[in-house]
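*Asks:* Full structure from sequences and hints, please.
Quick note, in the UniProt record's numbering, the sequence shown goes up one by one and the last residue is 263.
Calculated from the structure, these hints are not laboratory results.
No residue lacks a Cβ here, since even glycine has one placed at the ideal position from N, Cα and C.
Careful, some of the hints might be misleading.
Unchecked claim - Taking lysine to aspartate or glutamate and the EDC-like style, the derived pairs with C-alpha atoms no more than 20 Å apart in a straight line are: (1) K160 / E196; (2) K88 / E145; (3) K160 / D114; (4) K160 / E133; (5) K118 / E179; (6) K160 / D204; (7) K88 / E196.
As the list claims (entries may be wrong) - Label-pair restraints from in silico Cβ distances: (8) Y57 / A207: 35 to 41 Å; (9) A92 / E56: 45 to 51 Å; (10) A205 / Q86: 22 to 28 Å; (11) Q142 / M210: 25 to 31 Å; (12) Y57 / E110: 16 to 22 Å; (13) A117 / A170: 22 to 28 Å.
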Amino acid sequence: MRPRPPVPGRGILSGTGLIITGLTATLVALIVPIWSYADRSGTGQDVLNAETVSTEYGPLSGLDREFITKVRLAGLWELPAGQQAQRKGGTAAVQTAGQHLVEGHAFLDERVRDVAAKLSLSLPNEPSEQQREWLGILDSAQGAEYDWQFANLLRLAHGKVFSVVAQVRASTRNTLVRELANDANTTVLDHITVLEATGYVDFDALARDMADGSTPPLTRSPAPPGPVTDPSPAIPVTPSPVPTPTYTLPPAASRPPTNASES
Numbered sequence: 001m002r003p004r005p006p007v008p009g010r011g012i013l014s015g016t017g018l019i020i021t022g023l024t025a026t027l028v029a030l031i032v033p034i035w036s037y038a039d040r041s042g043t044g045q046d047v048l049n050a051e052t053v054s055t056e057y058g059p060l061s062g063l064d065r066e067f068i069t070k071v072r073l074a075g076l077w078e079l080p081a082g083q084q085a086q087r088k089g090g091t092a093a094v095q096t097a098g099q100h101l102v103e104g105h106a107f108l109d110e111r112v113r114d115v116a117a118k119l120s121l122s123l124p125n126e127p128s129e130q131q132r133e134w135l136g137i138l139d140s141a142q143g144a145e146y147d148w149q150f151a152n153l154l155r156l157a158h159g160k161v162f163s164v165v166a167q168v169r170a171s172t173r174n175t176l177v178r179e180l181a182n183d184a185n186t187t188v189l190d191h192i193t194v195l196e197a198t199g200y201v202d203f204d205a206l207a208r209d210m211a212d213g214s215t216p217p218l219t220r221s222p223a224p225p226g227p228v229t230d231p232s233p234a235i236p237v238t239p240s241p242v243p244t245p246t247y248t249l250p251p252a253a254s255r256p257p258t259n260a261s262e263s
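*Replies:* Structure, rendered in structure tokens:
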């Protein structure tokens with residue numbers, strides 16, 4: 001059978017169709033990512049804008065509000081833990097660390113309640129579930145076991161909030177939050193120092209816990225500002241008469257065992 005002769009112009013039309021199809025596909029590939037990116041939510045800037053509200057003291061971000069809540073929550077359990085350490089601590093260094101916690105968080109709690117009132121933010125009046133578990137551990141511990149648990153639980157908690165303080169201080173655009181971060185930075189660093197001076201802090205375990213992120217966040221970001229009632233004080237204590245409490249740190253009488261089980 002003799003081959004059918006080609007239809008004039010058919011090859012040209014087919015080639016042109018392929019070219020048009022290819023150009024269309026290329027154009028779609030270029031346009032879709034641009035459209036998708038322009039419509040995409042969840043970028044860092046989008047999240048910042050979505051969670052930020054205006055106040056007379058400057059923009060208040062979701063991170064700012066989370067920080068304010070964490071300062072309050074820290075006082076709700078660390079202040080009574082400090083009072084307990086003054087009674088149950090087996091060494092002068094542990095008792096002094098407890099005194100630092102009491103004075104420091106009485107000061108910070110007064111500050112955070114003032115900031116929250118000016119920004120119309122609600123604050124919790126009870127510790128988180130995780131914090132209540134920590135207080136339960138301290139309640140049941142005795143002797144050297146108590147000293148070890150006190151130093152390590154409190155040092156871990158302070159290490160977690162210390163990184164939040166630094167992030168807020170570096171990024172906040174709110175003047176009240178910036179001032180609170182300054183006070184929190186000074187207080188938290190002081191508490192870290194006195195806790196480490198007890199000689200009980202297990203730095204290897206601490207590094208593993210910090211790397212693993214085993215401690216869950218203390219709270220979710222609270223809602224934007226709105227009408228609220230003034231929160232109750234963390235605990236009925238007499239605030240320090242000086243603006244920023246400071247103490248002379250005594251050295252540990254002797255280095256305790258690094259593991260409570262060795263006592």
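*Asks:* Each of the hints needs a verdict: does it hold here or not?
*Replies:* Do the hints match the structure? See the list:
no.: 1; hint: K160 / E196; result: holds, 15 Å
no.: 2; hint: K88 / E145; result: holds, 11 Å
no.: 3; hint: K160 / D114; result: violated, 24 Å
no.: 4; hint: K160 / E133; result: holds, 17 Å
no.: 5; hint: K118 / E179; result: holds, 13 Å
no.: 6; hint: K160 / D204; result: holds, 16 Å
no.: 7; hint: K88 / E196; result: holds, 18 Å
no.: 8; hint: Y57 / A207: 35 to 41 Å; result: holds, 37 Å
no.: 9; hint: A92 / E56: 45 to 51 Å; result: holds, 47 Å
no.: 10; hint: A205 / Q86: 22 to 28 Å; result: holds, 25 Å
no.: 11; hint: Q142 / M210: 25 to 31 Å; result: holds, 28 Å
no.: 12; hint: Y57 / E110: 16 to 22 Å; result: holds, 18 Å
no.: 13; hint: A117 / A170: 22 to 28 Å; result: holds, 25 Å
In this structure, only the earlier hint numbered 3 is contradicted, and the remaining ones agree with it.
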